[in-house]
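Once you have looked at the hints, place chain B on chain A.
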Amino acid sequence: MDKNKANTVLNSKLDAVTIALKKSIKNLDSYTHVRGESVYVDDINIRQGTFHAVVFDAPKAHGRIKHIDYSKAEALNGVERIFTYKDIPGKNEIGGIIPDEPLFAEHEVHFWGMPIALIVAESEFIARKARQLITIDIEELPVITTAKEAKAKGSFINAPRSFSLGDTEKAFKNCEYIFEGETFSNGQEHLYIETQGAYAEPQENGNIKVTSSTQGPTSVQKTIAQVLGVAMHKIEVDVTRLGGGFGGKEDQATPWAVMAALASFHLKQSVKIILNRHDDLRMTGKRHPYESTYKIGLSKDLKILAYQTEFLQNSGASADLSPAIAERTLFHATNSYYIPNVTTKVLSCKTNLPTNTAFRGFGGPQGMFVIESAIAKAAHEIGVSASQIQETNLLEENNTFSYGQIAKKVEAKNSWNSAKSIFNIEALEREIHSYNKTHINFKKGLALMPITFGISFTNTPMNHARALVHIYLDGSVGISTAAVEMGQGVNTKMMQIAADVFSIPIEKIKIETTNTTRVANTSPSAASSTADLNGKATLIACNALLERLKIVASEALETSKESIVLKDGFVYHNSEKPKLTWTDLINKAMLNRVALTENAHYATPDIHFDKSTEKGHPFAYHVYGTAIITTTVDCTRGTYEFDSVKIVHDYGKSMSEGIDLGQVEGALIQGIGWMTMEEIAYNDEGKLLSNALSTYKVPDIFSAPKRVEVIPLETDGHDLAILKSKAVGEPPLMYGIGAYFALQNAIKAFNPNYDLEFHAPMTPEKVLMSLYKNP
Amino acid sequence: MISFILNNKTIHTLEPSGMTLLDFVRYQQRLTGTKIGCREGDCGACTVLVGNLKHGAMEYQSITSCISPLGNAHGKHIVTVEGTNLKHQLTTAQDAMKANFATQCGFCTPGFVVALTGFALSNSDKNYNNAIDAISGNICRCTGYKSIEKAANHVVEKLQTKEETGFSWLIENGFIPEYFEKIPERLKALSTETLKASQEKRISGGTDLYVQQADNLTDLDITLLTENQELRGIHIEDGVCIIGANETASNLWNNPELNTVFPNLKSHLKLVSSQQIRNMASFGGNIVNASPIGDMTIFFLALNSKVTLITSEEKERVISLKNFYQGYKNFDLKDDELLKNIEFKLPTAHSFFNFEKVSKRTHLDIASVNTAIHISVEKDSISEVHVSMGGVAAIPKYLKNTSTFLKGKSLSAQTILEANTILQKDISPISDVRGTSDYKRLLARQLFFAHFTVLFPKYFNLKDFVKHG
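Residue numbers (full-length UniProt numbering), protein chains in the order written: chain A, 1 to 775; chain B, 1 to 469.
Pulled out of the complex, with its shape left as it was, chain A reads as follows (with noise of 0.2 angstroms):
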């Protein structure tokens, strides 16, 4: 295509993006945010007596308790208690997976950080002075750090995982080019802006309410009459919303939530805990690191014909989810690429660093980086561009996945050709090789990074959810869920499908905060699914409430229920708009005694995976889109920007484009973050040397690519997606695994003789160093 045509077709699709975004819903928390009167954990009107608590943690990250003083902190001024192992009542376990996690240390502790008392004060202030009076003696044991390390002492969290597909053994022996390397990707702090918090207030016969900032309500639940050792009905978990989640609030928000629900037991007073920002990055776990190893083969044509891996995740000192996201790693170890001889293997390492987690991607990203590593490398040695091998082996309909799930509904070529085509990615190519031919100071690099994430919970049971709805005597909606909202715009997709069911305006639904006792055993928002399972429930109740309204309706106008439709508030019959309103109906409703009310639950059909041959169809969908990132490096000093993103993403029938653009951006930087500044350090004694903001580097806005562009991928969406709208949240943090290959080839063209290295994340000094090696 030449290029004015090539700007015209992008400039008239960002156009139509704009419009889309004018019209699109917006966040139906938009305005209390913006006024700072939106309720988070710490922002509650507390009750009188409210005691605060700081949470007193190892100072070693691996030993014997040999003696702890509390005497002096006991005697402050203001100390009410401090709790220990001793006060649990019920079981001293929180693991969720596997129970292999106490609340509180007893006689050993296993990361630097970990949980062993809890001081409840008068204020948070006095509480952190007495933290600072305790004496504690640790006779210290080995320290493991790195998953390699624990994988030769045989420390492991559990048995360990492997996929195949064909015979990669023997396919090996018919491949033209053979390549071998090591990958690293390092891990991630959330940082959620919000720390972790919650808050504890005894009801009336020893029941206690939580406001947990939480991603998983039940779960905190559950852990906490496990921990007390009374029953799932004496607890209540509210949660308003979260100032972020990101996976590091799926599983452990749980400890500080049982904590004060503890102390708040002993004490039958209100406790809060909020972890300062210090505390938080200290105590709780990241993204895994993986140390990867990985072997591909290929055809003299470019075809992967056989790949191998083995993952070594650092799990850290206790399993928390860490099983599950290996799992993860396995099902996208080849990401978009149909490979017929796959052999996987993960194992979970078990280290002294703190309880590794659950971070958006859910160890999708970690299998995707060593892939795009083993391309990077096999285009290197052969000669080629990474993007023919990409485009070689791009997944089609009806290939099947290592895992045995037949590929539906494929959009990995459709995303690949549209970017392609609609960024142009000739005229690209030809600028930057312009520019690093006349530029000497700086140099460009491009890369393309192809997509493919699986929709559901990988395991099975846990894809179900419940949606209570009112209609109360007025006309106006309450909607419960089991979704958290945490920055993803859950709510106002809820508020969305209310309104178009009964067609009726946003503002006569309110969306109810998360709350255990209006629906319970739920699962928590996580694994991008929360709008399709919440979303899927909201609709059944609001349809089974409208097909109740419809025959109050046709009785009214003595009609057939077929003829009634309900359009802008109205009671349409055969298209005419006769008088009754919505309120109306409401009444007439109310005085037929017809229930107002309904709970629906939805689980997700069609799913199963059998872990004993490692097969199955977990997802119910997938989800596809292409990035072509460009970045500019400053071959003086080894900075770097990003000039631009430019994506095309499967949205399948976006519900608000505003809100998905949000998450794919906001996703993408995240990962770009992943793979360029955001370093975790521990030394060898297991201390966290990232241990504040002033350390710990996350992207601001200058940071941010100069340009991102987002193109809607035309689909039809699928039918298990809420409303055709595709889920949207993991997806897109995987297009800044792009932002590694882009940095490298930039490194490339100043450094011939630069030997490809995977040791994420690319920061400045891995930059400045590659640029001037091997001279």
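Think of the hints as simulated: they come from the structure by calculation, not from any bench. Beta carbons: idealized from backbone N, C-alpha and C, even for Gly. Check before you lean on any hint, since a few could be wrong.
Stated by the list, open to error - Cβ pair distances, simulated, as ranges: (1) A:Asn-753 / B:Ala-394: 32 to 40 angstroms; (2) B:Lys-188 / A:Ser-123: 31 to 39 angstroms; (3) A:Tyr-31 / B:Ala-349: 36 to 44 angstroms; (4) A:His-433 / B:Ser-383: 40 to 48 angstroms; (5) A:Asn-11 / B:Asn-173: 25 to 33 angstroms; (6) A:Tyr-31 / B:Tyr-128: 24 to 32 angstroms; (7) A:Glu-204 / B:Ala-57: 20 to 28 angstroms; (8) B:Phe-456 / A:Glu-714: 48 to 56 angstroms; (9) A:Leu-473 / B:Asn-173: 35 to 43 angstroms; (10) A:Pro-775 / B:Ser-267: 24 to 32 angstroms; (11) B:Lys-458 / A:Val-384: 16 to 24 angstroms; (12) B:Asn-123 / A:Thr-18: 29 to 37 angstroms; (13) B:Asp-219 / A:Glu-204: 47 to 55 angstroms.
Claimed, not checked - Below, in silico cross-link-like pairs of lysine-lysine (DSS-like), each with a Cα-Cα straight-line distance of 30 angstroms or less: (14) A:Lys-22 / B:Lys-87; (15) B:Lys-150 / A:Lys-26; (16) B:Lys-379 / B:Lys-306; (17) A:Lys-724 / A:Lys-550; (18) A:Lys-437 / A:Lys-377; (19) B:Lys-126 / A:Lys-766; (20) A:Lys-408 / A:Lys-345; (21) B:Lys-463 / A:Lys-706; (22) B:Lys-150 / A:Lys-22; (23) B:Lys-150 / A:Lys-706; (24) B:Lys-87 / A:Lys-508; (25) B:Lys-188 / B:Lys-87; (26) A:Lys-72 / B:Lys-126; (27) B:Lys-126 / A:Lys-26; (28) A:Lys-773 / B:Lys-425.
Chain B alone, transformed into the frame defined by chain A:
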């Protein structure tokens, strides 16, 4: 008693002056729109505005309230997000954030709204870059900033239609509530007694002290130096500049004369923290903090500055800044002494100044290595030169041997390459969270070369110094 106006409310409080402004507004006044993200000035979630009555008019600046002592609010107007709210509608900044999907989880949002409102109230030129600078200290983990950029642009476009100075236009156009108009007269009428103070802790900007030891300050009455006019002011006379120890980086940024003699001053200072912090942090603080990596210290070392120290009996002592530092966090300041000012000769027609800094994140980060040079060249020969470098020794380092070597040499690639050999002996970087020693050595070399490619682009290119390319 500390007296000030908080939003639309007059406050008289007996709380200790060392308490953070953040704790006061959140927990004493229950204005929970001001959020706690880091308590280190590194995220901007707690941004508030400080309004100062100067020559009868209000001047507003944004600050991070987490590292600001309550005592510094004395006699001022403090504005939190609640203080910007209109009754039944969103302000222009708020509406821009909403309309552009620039808020997701909402936790950082009030900080952005307040910073953008501060931009509207400020005297800075109403262009896009200045608007982005105004929110340079605000971290958002959800949006990826592109939507926030659109919101900022929206605010700028509206402000560019502004015709008059003063606040009435801003009020009419929904940027701020009406009560702002009465603030100057209310502040004038506010009786402000001198605050009681302990000699124990003397605090200027406090931007590092509150990061390091907030728990030891928060229940104290402290001595606040910020308003001490003797320690303020930027005076330029006969090619010599004297800057009061209490001056902020923002005042340097805004100084027209300094911007003339240091044409790249703004781009240098942009590498120093964020606007919120530049509005608070003092030079004196940066110098006596003695961090081996202090940006302003490195800046002034290359200017071969002198510092004046003063005792409580007003006895003065003048020493060279390069002799001030004696070891890690150890410097020549006696117990009774305060840093009064810093003095240096301005660059001339024949002399050139450059500042370089590389950190993991280009902005609002601590350097891996930073360096400055002030060099005079006459007839292609280096007549005078001072080079400083941070992050490469226990102290902010004046590169004495390197500077001595360069003096009198011809300005050639050969000279510079040889000087780098000397430089590598001058420095002794250690491996830490900011980088390995190998990296810092390489970076030191590269930034040293960068001084020359930046200052003498017609003479030098990167390829004159390195093999690749």
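A quick look at each hint next to the structure:
1. Range check, Asn-753 (chain A) to Ala-394 (chain B): about 35 angstroms between beta-carbon atoms, so the 32 to 40 angstroms window is met.
2. Taking the beta carbon of each, Lys-188 (chain B) and Ser-123 (chain A) are about 37 angstroms apart, inside 31 to 39 angstroms as hinted.
3. Hint check: Tyr-31 (chain A) to Ala-349 (chain B), Cβ distance near 57 angstroms, so the stated range 36 to 44 angstroms is violated.
4. With their beta carbons about 44 angstroms apart, His-433 (chain A) and Ser-383 (chain B) fall inside the hinted range of 40 to 48 angstroms.
5. Between Asn-11 (chain A) and Asn-173 (chain B) the beta carbon distance is about 32 angstroms. The supplied range of 25 to 33 angstroms therefore holds.
6. Separated by about 26 angstroms at the C-beta atoms, Tyr-31 (chain A) and Tyr-128 (chain B) satisfy the suggested range of 24 to 32 angstroms.
7. Glu-204 (chain A) and Ala-57 (chain B) have their C-beta atoms about 58 angstroms apart, which leaves the hinted 20 to 28 angstroms range violated.
8. A hinted range of 48 to 56 angstroms for the beta carbons of Phe-456 (chain B) and Glu-714 (chain A) is consistent with their spacing of about 54 angstroms.
9. Between Leu-473 (chain A) and Asn-173 (chain B) the CB atoms are about 42 angstroms apart, so this pair conforms to the stated range of 35 to 43 angstroms.
10. Separation of Pro-775 (chain A) from Ser-267 (chain B) is about 31 angstroms and conforms to the stated range, judged on CB atoms against 24 to 32 angstroms.
11. For Lys-458 (chain B) and Val-384 (chain A), the hinted distance range of 16 to 24 angstroms is not satisfied, since their beta carbons lie about 41 angstroms from each other.
12. One distance hint, 29 to 37 angstroms for the beta-carbon pair Asn-123 (chain B) and Thr-18 (chain A), holds here, with the actual separation near 33 angstroms.
13. At about 37 angstroms, the CB distance of Asp-219 (chain B) to Glu-204 (chain A) disagrees with the hint of 47 to 55 angstroms.
14. Between Lys-22 (chain A) and Lys-87 (chain B) the alpha-carbon distance is near 25 angstroms, which keeps this suggested pair within the 30 angstroms criterion.
15. A threshold of 30 angstroms between alpha carbons decides the hint, and for Lys-150 (chain B) with Lys-26 (chain A) the separation of about 15 angstroms falls inside it, so the pair holds.
16. Proximity of Lys-379 (chain B) to Lys-306 (chain B) is assessed by CA-CA distance (about 29 angstroms); at most 30 angstroms being required, the pair is judged to hold.
17. A threshold of 30 angstroms between alpha carbons decides the hint, and for Lys-724 (chain A) with Lys-550 (chain A) the separation of about 25 angstroms falls inside it, so the pair holds.
18. For the suggested pair Lys-437 (chain A) and Lys-377 (chain A), the alpha carbons sit about 24 angstroms apart, so the restraint of at most 30 angstroms is met.
19. Distance hint between Lys-126 (chain B) and Lys-766 (chain A) is unfulfilled; the C-alpha atoms sit about 38 angstroms from each other, more than 30 angstroms.
20. Our distance criterion of 30 angstroms between C-alpha atoms is met by Lys-408 (chain A) and Lys-345 (chain A), whose separation comes to about 25 angstroms.
21. The suggested pairing of Lys-463 (chain B) with Lys-706 (chain A) holds, with an alpha-carbon distance near 28 angstroms, which does not exceed 30 angstroms.
22. Between Lys-150 (chain B) and Lys-22 (chain A) the alpha-carbon distance is near 13 angstroms, which keeps this suggested pair within the 30 angstroms criterion.
23. Proximity of Lys-150 (chain B) to Lys-706 (chain A) is assessed by CA-CA distance (about 12 angstroms); at most 30 angstroms being required, the pair is judged to hold.
24. Among the hinted pairs, Lys-87 (chain B) with Lys-508 (chain A) is consistent with the structure: their alpha-carbon atoms are about 22 angstroms apart, no more than 30 angstroms.
25. Of the supplied pair hints, the one linking Lys-188 (chain B) and Lys-87 (chain B) holds, its CA atoms being roughly 26 angstroms apart against a limit of 30 angstroms.
26. Proximity of Lys-72 (chain A) to Lys-126 (chain B) is assessed by CA-CA distance (about 57 angstroms); at most 30 angstroms being required, the pair is judged violated.
27. Distance check on the hinted pair: Lys-126 (chain B) and Lys-26 (chain A) sit about 27 angstroms apart at the alpha-carbon level, within 30 angstroms; holds.
28. With a C-alpha separation of about 21 angstroms, the suggested pair Lys-773 (chain A) and Lys-425 (chain B) falls inside the 30 angstroms cut-off, and the hint holds.
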